[in-house]
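Protein chains in written order, with this note's numbering: chain A, 368 to 781; chain B, 368 to 781.
Check before you lean on any hint, since a few could be wrong.
Chain copies aren't distinguished; within one or between two, either way the pair holds.
Below 30 Å or equal to it, Euclidean Cα-Cα: the simulated DSS-like pairs (lysine-lysine) are [to be verified]:
#, residue 1, residue 2
1, Lys414, Lys369
2, Lys414, Lys515
3, Lys515, Lys483
4, Lys596, Lys778
No lab work stands behind these hints, which were simulated from the structure alone.
The lines below spell out each chain.
There are 2 protein chains.
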Amino acid sequence: MKCEIIAVGSEMLTPYRQDTNSLYLTGKLNEIGVTVAFKTIVGDRRKDLVGAIQTALGRVDVLVLMGGLGPTEDDLTREATAEALSLKLRRDGAQLAALHARAATWRMPMPENNLKQADVIETAAILPNPNGSAPGQWLDATYNNYRKIVMLVPGPPNECRPMFDAECVSRLRAVLPQRHIAQRTLKAAMIPESQADKLLAPIYTTYTDVETTILAHAGDIQLTLLCSKTSKEAAEQRVEELAGRLEEALDDWLYSSEGESLEQIVLYYLGLRQATLAVAESCTGGMVAERITAVPGSSRSFLGGAVVYSDPLKTSFANVPPELIAKHGAVSTEVAAAMAEGIRRRTGATLGLGVTGIAGPTGGTDQKPVGLVYFAVSDAHKTDSYDRTFRGDRDRVRQWATQQALDLIRKKLM
Amino acid sequence: MKCEIIAVGSEMLTPYRQDTNSLYLTGKLNEIGVTVAFKTIVGDRRKDLVGAIQTALGRVDVLVLMGGLGPTEDDLTREATAEALSLKLRRDGAQLAALHARAATWRMPMPENNLKQADVIETAAILPNPNGSAPGQWLDATYNNYRKIVMLVPGPPNECRPMFDAECVSRLRAVLPQRHIAQRTLKAAMIPESQADKLLAPIYTTYTDVETTILAHAGDIQLTLLCSKTSKEAAEQRVEELAGRLEEALDDWLYSSEGESLEQIVLYYLGLRQATLAVAESCTGGMVAERITAVPGSSRSFLGGAVVYSDPLKTSFANVPPELIAKHGAVSTEVAAAMAEGIRRRTGATLGLGVTGIAGPTGGTDQKPVGLVYFAVSDAHKTDSYDRTFRGDRDRVRQWATQQALDLIRKKLM
Chain A
368 MKCEIIAVGS EMLTPYRQDT NSLYLTGKLN EIGVTVAFKT IVGDRRKDLV
418 GAIQTALGRV DVLVLMGGLG PTEDDLTREA TAEALSLKLR RDGAQLAALH
468 ARAATWRMPM PENNLKQADV IETAAILPNP NGSAPGQWLD ATYNNYRKIV
518 MLVPGPPNEC RPMFDAECVS RLRAVLPQRH IAQRTLKAAM IPESQADKLL
568 APIYTTYTDV ETTILAHAGD IQLTLLCSKT SKEAAEQRVE ELAGRLEEAL
618 DDWLYSSEGE SLEQIVLYYL GLRQATLAVA ESCTGGMVAE RITAVPGSSR
668 SFLGGAVVYS DPLKTSFANV PPELIAKHGA VSTEVAAAMA EGIRRRTGAT
718 LGLGVTGIAG PTGGTDQKPV GLVYFAVSDA HKTDSYDRTF RGDRDRVRQW
768 ATQQALDLIR KKLM
Chain B
368 MKCEIIAVGS EMLTPYRQDT NSLYLTGKLN EIGVTVAFKT IVGDRRKDLV
418 GAIQTALGRV DVLVLMGGLG PTEDDLTREA TAEALSLKLR RDGAQLAALH
468 ARAATWRMPM PENNLKQADV IETAAILPNP NGSAPGQWLD ATYNNYRKIV
518 MLVPGPPNEC RPMFDAECVS RLRAVLPQRH IAQRTLKAAM IPESQADKLL
568 APIYTTYTDV ETTILAHAGD IQLTLLCSKT SKEAAEQRVE ELAGRLEEAL
618 DDWLYSSEGE SLEQIVLYYL GLRQATLAVA ESCTGGMVAE RITAVPGSSR
668 SFLGGAVVYS DPLKTSFANV PPELIAKHGA VSTEVAAAMA EGIRRRTGAT
718 LGLGVTGIAG PTGGTDQKPV GLVYFAVSDA HKTDSYDRTF RGDRDRVRQW
768 ATQQALDLIR KKLM
């Protein structure tokens, strides 16, 4: 079944703002077997909006309209949808009372304009909105003699997403042909992109009934497998079978079979080994610590670390001897190793990480070009060092280096 | 003049990938007076694509098609555009030679499929692509008796954006009515959103000839002013006048009149005052350091810092007395102040920053709820402390806290 998502709002036609709700809704739609065939963004002009709705009704079976349900003159989704379907609006008594009650609790006079939030298309079911004043609407309608499902949901993510989950998914499921969906997400780190494709494509392309999506970003590869069948078992069996073959091929590049992030996996292993971690970062400037501490509960295994951006800080926070820096340079295997050992000793952590490199855009030389990064992971027994040269701008080099650092810790713990 | 951008590619109809090129192109189009009225995302199905192109040609004057120019069977933009406009494709000799030359340098046999990248719509001008193998195309065409400009550009950002800048902008300018555009971006930090609107709307709404866009994100507000006139002076005068009034209203919430980031401004002031900075972060976990070190050349003023996630690290890296933590708790004004002073003394920096708080989702109490964050900024003369309670999830609290921390440093330096 084909769906179109229309995001309504002139702000999403500026260079500054993007629709992100549609990614969330697409995930939910795919889970129940609905494919998104088109996404459209249209501004707050009634004529444009009516046209976009009619175009959508001409090419898909399910239409989700997001936004334009507020109280201002620019909020035209109700009016435009009614016009596109040649239906009328009615002012709903219960909604009107709810609006008045809301205004009363705020002790504010309600502008006349607000009342339009109680307008409902004549044949629509009302979708309650616990997080805002504008309700959603659900229409089982006819357009050019075809049955069309049309949903109107609010634009703000904290209103749109809960409403879609609570109201739209079950209603959609009830009108869809019975399909069962199985889904799995595999994740792998630091596998070269060309190698990933060569390795994986011969496997997943033979599973034509499983939709495999590959997403690569700065050393992280995510494979999502999705299969829709008339029986739950059949769908799951196909996904499991393909997942098993891909996992085998990915070998120890694979870090997650259930969609966890790399930092979650690192923290999981640290917990499992009852180990703690501390980091000394130079070129990544705190990005490793930031990713780890983004995970709730990370304080159980992550002690902290030092952003040793200047040479004296490498000495005072990570015990790197100044002579070592003078001899080998701040960006060197030796200094990375000393940082890892030093931060481990200083903090009493089980594992220490050191990262030092040249993020660019300047500071590179022939021997040590922009993008060169040294890593070291240290435990009580030994310190392992690595180096890698990453391509791209400062941001990209730092992202790749952070991913590599986390992956080295993972491998140390495996 | 109205424009539509169509992004072609099934991967952008998954929950995982978003079109970002269109934001960049929209900025460039707005600068030359072209408004984006619609954005459409369509998958790699020829029928869907032909339909989407015809819909666009029916509602706008300028159409940009991004993606689908590669060598695979899924790359159908050339074919679909020709079909939508009832034009033919021709195989271009020079392009064919270029493809063969490219393959020769790689010492690889060229698959037959690759040749379709030399296919050009019969009336199109070829747009060179220095960063990839598929050239772009420029069409000055007719559809239902109306003149339409159609551009085909590649999907990868590193091919799409340079080609648009080098080839499309000047060609578009030549066919557009002569307009001059003036633009300014103002940025303000930590102004309450409700206050921003109350303060600014009465000013900018009176300038109906200047398009003002406001974007708010985690304590950061960006105002973009854009004015299009027949004379450059007239456009600039209106933008300058409005910018001046908004700057006055924003007072010291304003941190940038030229679009710089808050971390760039902090580094600018540090340079100006010949001052250095070191940070001790707990709940922000390295995010302050990460934002500062994202700016090239930040090592001139930023010495580094410590991510003192555990209590012992607060002592060993930021000299916070254990008794102080025992008495007031790790999340307290006293500890924030001690962290700021301690990190400044330990590193010899001119300024020290301390941040400690409860990012959540757990760890809050009645006295100290999730979202409560203490800040301190210390110099040789004194240490100023602040506290704020932010709403939202862990990520949001950390983002707001980071923004607040940077803004406190800015204000200290102003």
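Alpha-carbon proximity context of lysine 515 and lysine 483, limit 30 Å: within (25 Å within a copy, 38 Å between copies)
Intra- versus inter-copy proximity for lysine 369 and lysine 414 (alpha-carbon distance at most 30 Å): Both. Shortest intra-copy (24 Å) and inter-copy (14 Å) distances satisfy the 30 Å Cα cut-off.
Homo-oligomer pair classification [lysine 515, lysine 414; C-alpha up to 30 Å]: both (21 Å within a copy, 20 Å between copies)
30 Å Cα threshold - placement of lysine 778 relative to lysine 596: Close neither inside one copy (37 Å) nor across copies (60 Å); limit 30 Å.
Of the numbered hints listed earlier, the single one contradicted by the structure is hint 4.
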